[in-house]
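Go by the hints and put chain L onto chain U.
First to last, the protein sequences are chains U and L. According to the numbering used here, numbering within the first sequence proceeds without interruption in unit steps and concludes at 144. According to the numbering used here, numbering within the second sequence proceeds without interruption in unit steps and concludes at 123.
It should be emphasised that the hints constitute simulated quantities derived from the structure, not laboratory data. This one's a predicted model, so the numbers in the text were calculated from it and none came from an experiment. One thing to keep in mind: the hints can contain errors.
To spell it out: a stretch of chain L is covered by chain U in this simulated footprint if at least three of its residues, at any positions, have a beta carbon under 8 Å from a beta carbon of chain U; those stretches are [as the list claims (entries may be wrong)]:
(1) 44–57
(2) 98–104
(3) 110–120
Capping the alpha-carbon separation at 20 Å, the derived lysine to any residue pairs in SDA-like fashion look like this [stated by the list, open to error]:
(4) U:Lys69 - L:Phe113
(5) U:Lys88 - L:Gln48
(6) U:Lys86 - L:Asn69
(7) U:Lys37 - L:Ser45
(8) U:Lys37 - L:Lys18
(9) L:Lys18 - U:Pro72
(10) U:Lys86 - L:Glu27
(11) U:Lys86 - L:Leu46
(12) U:Lys37 - L:Glu51
(13) U:Lys88 - L:Phe113
(14) U:Lys100 - L:Gly110
(15) U:Lys100 - L:Lys85
(16) U:Lys69 - L:Asn69
(17) U:Lys69 - L:Ser45
(18) U:Lys69 - L:Glu116
(19) U:Lys69 - L:Val81
(20) U:Lys69 - L:Phe52
(21) U:Lys69 - L:Thr109
(22) L:Lys85 - L:Asn69
(23) U:Lys69 - L:Arg119
(24) L:Lys18 - U:Ala73
(25) U:Lys103 - L:Gly110
(26) L:Lys18 - U:Glu74
(27) U:Lys37 - L:Arg119
(28) U:Lys88 - U:Phe78
(29) U:Lys69 - L:Leu46
(30) U:Lys69 - L:Lys85
(31) U:Lys69 - L:Lys18
(32) U:Lys37 - L:Gln48
(33) U:Lys86 - L:Glu111
(34) U:Lys88 - L:Asn69
(35) U:Lys86 - L:Gly110
Idealized CB from N, CA, C, for every residue including glycine.
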Amino acid sequence: DQQVKQNSPSLSVQEGRISILNCDYTNSMFDYFLWYKKYPAEGPTFLISISSIKDKNEDGRFTVFLNKSAKHLSLHIVPSQPGDSAVYFCAASDNAGNMLTFGGGTRLMVKP
Amino acid sequence: GAGVSQTPSNKVTEKGKYVELRCDPISGHTALYWYRQSLGQGPEFLIYFQGTGAADDSGLPNDRFFAVRPEGSVSTLKIQRTERGDSAVYLCASSLTLGEFTGELFFGEGSRLTVL
Numbered sequence: 033d034q035q036v037k038q039n040s041p042s043l044s045v046q047e048g049r050i051s052i053l054n055c056d057y058t059n060s061m062f063d064y065f066l067w068y069k070k071y072p073a074e075g076p077t078f079l080i081s082i083s084s085i086k087d088k089n090e091d092g093r094f095t096v097f098l099n100k101s102a103k104h105l106s107l108h109i110v111p112s113q114p115g116d117s118a119v120y121f122c123a124a125s126d127n128a129g130n131m132l133t134f135g136g137g138t139r140l141m142v143k144p
Numbered sequence: 008g009a010g011v012s013q014t015p016s017n018k019v020t021e022k023g024k025y026v027e028l029r030c031d032p033i034s035g036h037t038a039l040y041w042y043r044q045s046l047g048q049g050p051e052f053l054i055y056f057q058g059t060g061a062a063d064d065s066g067l068p069n070d071r072f073f074a075v076r077p078e079g080s081v082s083t084l085k086i087q088r089t090e091r092g093d094s095a096v097y098l099c100a101s102s103l104t105l106g107e108f109t110g111e112l113f114f115g116e117g118s119r120l121t122v123l
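Bound conformation, chain U alone:
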């Protein structure tokens, strides 16, 4: 049973436009959420995070939104750039332990 789901396996966006990546979770004990980015043949790298006490966190072109009642979070990239093309993983933790539960990933392709 997947506790973190990314229902879109891929997304294609034109350069300069907004990219919106979505993530849903089922475990109400999750209280910290993260996005990781992964290029081919590299390990995932941390991108941005949000605590459950917030509903928005912004870092440059990247903004993460959290809707706790809907158990949904999204990552917005504005403006999208070709270098953003990668696989994006949503992850969550419940702070009771020290593990992350990852979604299956969304492959973003930003076309020039």
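Positioned in the frame of chain U, the structure of chain L alone reads:
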């Protein structure tokens, strides 16, 4: 380098063989994690070390999998009697744990294991 180093980067073995995968974390990072990523899926937690001890090994799929970190730095993931289903990329990550867990892990490039 300053990042997490994993060796080998690629390992091809035959069903039933024994395999060791090594992880050298970022210097000074006390927490070390092993994850497994199968094709088309996200990383799946295997085991977490805080210092030398395995603080959480709930993700190890069965007793063929074992990991050690004897001196609190380098870790080795050991897989006995490998099966074709063990084929995956094994990711190691480390973090400097101060206070509350933030989830910001530094991953290595992974060891791709193929069991024929």
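Those earlier numbered hints the structure runs against, lowest number first = 5, 6, 8, 10, 11, 13, 15, 16, 19, 27, 30, 31, 34
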